[in-house]
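Quick note on numbering: the sequence shown equals residues 4 to 238 in the working numbering.
Derived by calculation from the structure, the hints in this document are not laboratory data. Take the hints with a grain of salt, since some may be wrong.
[Stated by the list, open to error] Cβ-Cβ distance ranges computed for the label pairs, FRET-style:
| id | residue 1 | residue 2 | range |
| --- | --- | --- | --- |
| 1 | Leu217 | Arg45 | 23 to 29 Å |
| 2 | Glu149 | Glu16 | 19 to 25 Å |
| 3 | Arg90 | Gly110 | 15 to 21 Å |
| 4 | Val9 | Val145 | 24 to 30 Å |
Positions of the beta carbon are idealized from the N, C-alpha and C atoms, including for glycine.
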Amino acid sequence: MTGPLVDPADVPEWLRPLVERTADLDPGHFGWPRANPPASARPAAVLVLFGEGESGPDVLLLRRADGLNSHPGQVAFPGGSVDSTDRGPVDAAVREAVEEVGLRPDGVRPVATLPELHVPHSGFRVSPVLAHWVRPSPVAPVDPGETAAVARVPIAWLTDPANRLRVELAGRHPSPAFLVPGMLVWGFTGGLLSGLLDLAGWARRWNRADVRELDEAWRAAEEADDIGFGRTGAV
């Protein structure tokens with residue numbers, strides 16, 4: 004079952020449209036095929052955690068350590084495989100966030116789930132879990148060997164057209180990406196985040212013709228001016 008987990012009237016006004024619009028969604032909204040993932044795909048979950056900071060509503064992102072064998076240096080939502088001891092995707096997403104960034108789970112309120120998104124190159128079928136950070140707690144990389152940095156990125160930064168582009172990899176269709184100081188948000192995370200901004204009605208018109216190769220986009224993220232939002236860990 005996907006869609007709201009709470010009464011949308013019981014969340015902050017800025018978050019309400021997003022929660023309401025999670026009902027009756029299919030993966031096609033996010034650019035994923037509508038076909039069911041194969042049985043061999045492993046279940047996973049990610050926590051898309053929205054809070055309110057000094058710069059307004061924000062979302063929690065992390066950057067994976069450069070030394071990892073899988074997706075080194077990439078920006079992601081907290082998350083990972085659904086374990087046999089988890090009660091489902093919501094439980095798994097929150098547990099992974101605790102393990103990766105030291106999140107206090109009693110301050111997190113899951114508000115909606117999205118349809119499973121099949122990620123063929125990693126073999127996962129991922130359930131995104133949307134949550135409201137009711138009582139924010141300090142976060143930082145728990146294991147620097149796995150997580151290089153953690154950031155609360157303002158929604159206003161992500162919707163600024165100057166920080167949006169598309170990334171092109173050989174043989175693949177260009178996909179949405181975001182320039183965050185020290186972080187390039189692209190791939191699965193960039194596509195999901197772009198779809199959520201559209202769904203919530205937060206997105207602004209941006210230049211979709213700005214297509215850059217991955218190395219060039221990374222350089223632009225590294226050169227982006229740091230506006231001082233909450234980032235911890237090395238970048």
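These are the hints, each one checked on the structure:
1. Leu217 / Arg45: 23 to 29 Å: 26 Å, holds
2. Glu149 / Glu16: 19 to 25 Å: Taking Cβ atoms as reference, Glu149 and Glu16 lie about 36 Å apart, which means the hint is violated.
3. Arg90 / Gly110: 15 to 21 Å: Check passed, 19 Å falls within 15 to 21 Å.
4. Val9 / Val145: 24 to 30 Å: About 28 Å separates the Cβ atoms of Val9 and Val145, which means 24 to 30 Å holds.
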